[in-house]
Each structure stands twice: as C-alpha cells, then as structure tokens.
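Student: This is what each chain is made of:
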Amino acid sequence: MDPINFVILAAILFAIGSAAVLLRRNAIIAFMGVELMLNAANLSLVSFSRIHGEIDGQVMAFFVMVVAAAEVVVGLAIIIAVFRARQTISLDEPSELKG
Amino acid sequence: MVNPLLFWIIAALTVIPSLSLLFARKAVHVAMAIVLVMVGLAAAYVALGAPFLGVVQIVVYTGAVMMLFLFVLMLVGVDQREDLKETIKGQRWIGLLAAGGLGAFLVSVVARVALPVQEETVGEPDVIAEVLFQRYVLVIEVLGFLLITAAVGALVLTHAPRLKPRRTQLEVQRDRVRVGANPVNKPMPGVYARHNALDVPALDPEGQPIEDSVSRVLKIRHQTQDGAEFRAQLEDPARKDTEEGR
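So the protein lines, in turn, are chains A and B.
Counted the way this note's numbering counts, the first sequence spans residues 834 to 932.
Counted the way this note's numbering counts, the second sequence spans residues -14 to 231.
To be clear, the hints were calculated from the coordinates, so they are not data collected in a lab.
C-beta atoms are modelled at their ideal positions from N, C-alpha and C, and glycine is treated no differently.
Among the hints, erroneous ones may be present.
To be verified - Just the calculated beta-carbon pair ranges, DEER-fashion:
{"#": "1", "chain 1": "B", "residue 1": "Ala49", "chain 2": "A", "residue 2": "Ala914", "range": "33 to 39 Å"}
{"#": "2", "chain 1": "B", "residue 1": "Gln76", "chain 2": "A", "residue 2": "Gly886", "range": "20 to 26 Å"}
{"#": "3", "chain 1": "B", "residue 1": "Ala89", "chain 2": "A", "residue 2": "Ala914", "range": "36 to 42 Å"}
{"#": "4", "chain 1": "A", "residue 1": "Val897", "chain 2": "B", "residue 2": "Val137", "range": "19 to 25 Å"}
{"#": "5", "chain 1": "B", "residue 1": "Ala49", "chain 2": "A", "residue 2": "Asp925", "range": "27 to 33 Å"}
{"#": "6", "chain 1": "B", "residue 1": "Pro172", "chain 2": "A", "residue 2": "Ala914", "range": "22 to 28 Å"}
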C-alpha cells in the first residue's frame, strides 16, 4: 500500500484535532486537540520521509516532538495558573482579554 | 510498501479514538483515548521505517505527555463541567463546517498526488544519530535551551507565593480556644456490651446520649444509630427466654 495513504490519514487526524480546538470549551480537551494536530503533522513528515527515502523527515519529526513536549509543559502550567486565579478551565470564561 | 491490513488497523486505531475529542463528555476518557491514538501513531512510524521515532513516540507521548495531562486533570478536578452555552451564535456549526471543510480540502488535494516511492532508508538509532549530531547539532543545542526554559517557565507559572506567614500548630490551637471551642478531647463514641461501634453515641453518667461523641461525617450520611433497637432486643421477652434456655 502506498505510503501516501498515511498522509491522507494525517489530514483526517488534523481535521479532527482542529474541530476539537474549535468546538470544545474545556481548555485541557482543546489542548489535546492541539497535540493531535501536532502528531498529524508528524505523521505526514514521517510518511514523506518514507516516500522520498531520506532520513531528514524523521529528524524533523523528532524536533517537533521535543518542541511539543516543551509546549505541553508551559501550556499546562498556564492552565493551572488560570485555574488557581479563577477556579475554572473553561476557555470562554477569561474574557478580560477582550479589547 | 506497507501491508494494507496493517494500514487499516492503524487507521481504525487512530481515527476512532480521536473522535472522542469531539464526542466524549469526560476529559479523562478523552485523555485515555488519545493515549490509544499515540500508540497507533507509534505503530504507523514503525511501519513507515522509523523504529526509533516509534519508540520515542511511545516514551514521550504515551509515557510523559499524556500522563502529564492526566496529572493536571486530577489537579484541577475531574468533574469540571463544560458549559454548553454558545458565546458566538452558531459557533458550533461554523466550527464543524470549518474543520470539516479543512479535512475535505486536505484529503481531496492529497488523494490526487502520486509520488514515486524511493528505496527505504530505515531510521535506526545510529542512522538518526549521525544526521542529528552532524548536520543538526546546533539545532539540538538550541532545543536544550528550549527545554530548560520551558521547565523554568513551568516552575515560575505554577509557583504560588505565600502571602501570609505560615501559622504554627500553637497559634492554631490558641485561635480555636479564643473562639470558644472545647479545649479538651471529645468523648469517644459508645462502647456497649452488645454493640461496640463508632455509629452509636456514648452515654453520660445520667444515661443521656452525648451527641458530640459520634463522628460528624456519619451523621451527615445518616449512618448513626440511637441504640433503641438494641434496647428493644434486650427487653424482648421471647428473646430473653431463648437465651436463658440455651
């Protein structure tokens, strides 16, 4: 089976992740949607690496994983800080950011 | 080339649990489903000739990232209700349309692509290491800075400064006495010959039950007894006869 099918799978996963970010109000679930989008991008990188027969795509996917790990740490810390300040993790609640 | 059966298994293992992001109510269920998705993606990496990345995916995502998510879920309380009112009118349908449109667009574009598949280079750890530490060694060092910055940032963000000095045990006790609390221990709950338990009140020297001797928690749960049924058993003549006859 052609590895391009994995890119199609990655596109579907990316769409599901973006739908979660757009639709869910729970900050942690929306954040998991972001993680799913990052992983979909990783999957497409790895499958293109397989298609072209070169290792660079896998190295880039590795970099994405490291950056995603750092991003998760900071993001969850922000969620905890917001929860401490206002006892909620709903994304619609902190409306002070409005202009 | 990838085995078609393997592809379909991986597709089912990733797409079906990831739909829980949209439909599951509880965040813990979503987190467990995403763990499954990550395992499926690791299998996909191994199938695509990247065994090192597959192992890293398991270690980093299922082992570290999703467990961190679970920790935070437990910290902020698992029963955080999600409010379903729409801040922007029709937001749900707009979002669904946008995400579905994006997915349809990407799939329709990718499905028309036909690329010649080259010879496979398997991403064994030594192969990856050669590329990583020769061509991309500067990137690795920058990533080290990034990780340290992220760790320090998380510490700073979750640090709660102490606004008031810590109260010692002595001060707590003095404050309690000042507001009129009983300075001595509460009496123990009832210990009877027939019933020795925490759920019956003790009796004072005049035979009256002491309400304070039963735990407050048991009272709220309505799990206390007043001892009347034991007295009834004792005063029941039929029971007395059988016990004497024994």
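Student: Please go over all the hints and tell whether each is borne out by the structure.
Tutor: Hint check:
1. Remark: the range hint 33 to 39 Å for Ala49 of chain B to Ala914 of chain A is contradicted by a beta-carbon distance near 21 Å.
2. Checked against the given bound of 20 to 26 Å, the beta carbons of Gln76 of chain B and Gly886 of chain A, roughly 44 Å apart, lie outside it.
3. With their beta carbons about 38 Å apart, Ala89 of chain B and Ala914 of chain A fall inside the hinted range of 36 to 42 Å.
4. Here the CB-CB span from Val897 of chain A to Val137 of chain B is close to 22 Å, well matched to the stated 19 to 25 Å.
5. Restraint check, Ala49 of chain B to Asp925 of chain A: a C-beta distance of roughly 30 Å satisfies the suggested window 27 to 33 Å.
6. Roughly 46 Å separates the CB atoms of Pro172 of chain B and Ala914 of chain A, a value that falls outside the hinted 22 to 28 Å.
Of the hints listed earlier, those the structure fails to meet are numbers 1, 2 and 6, in rising order.
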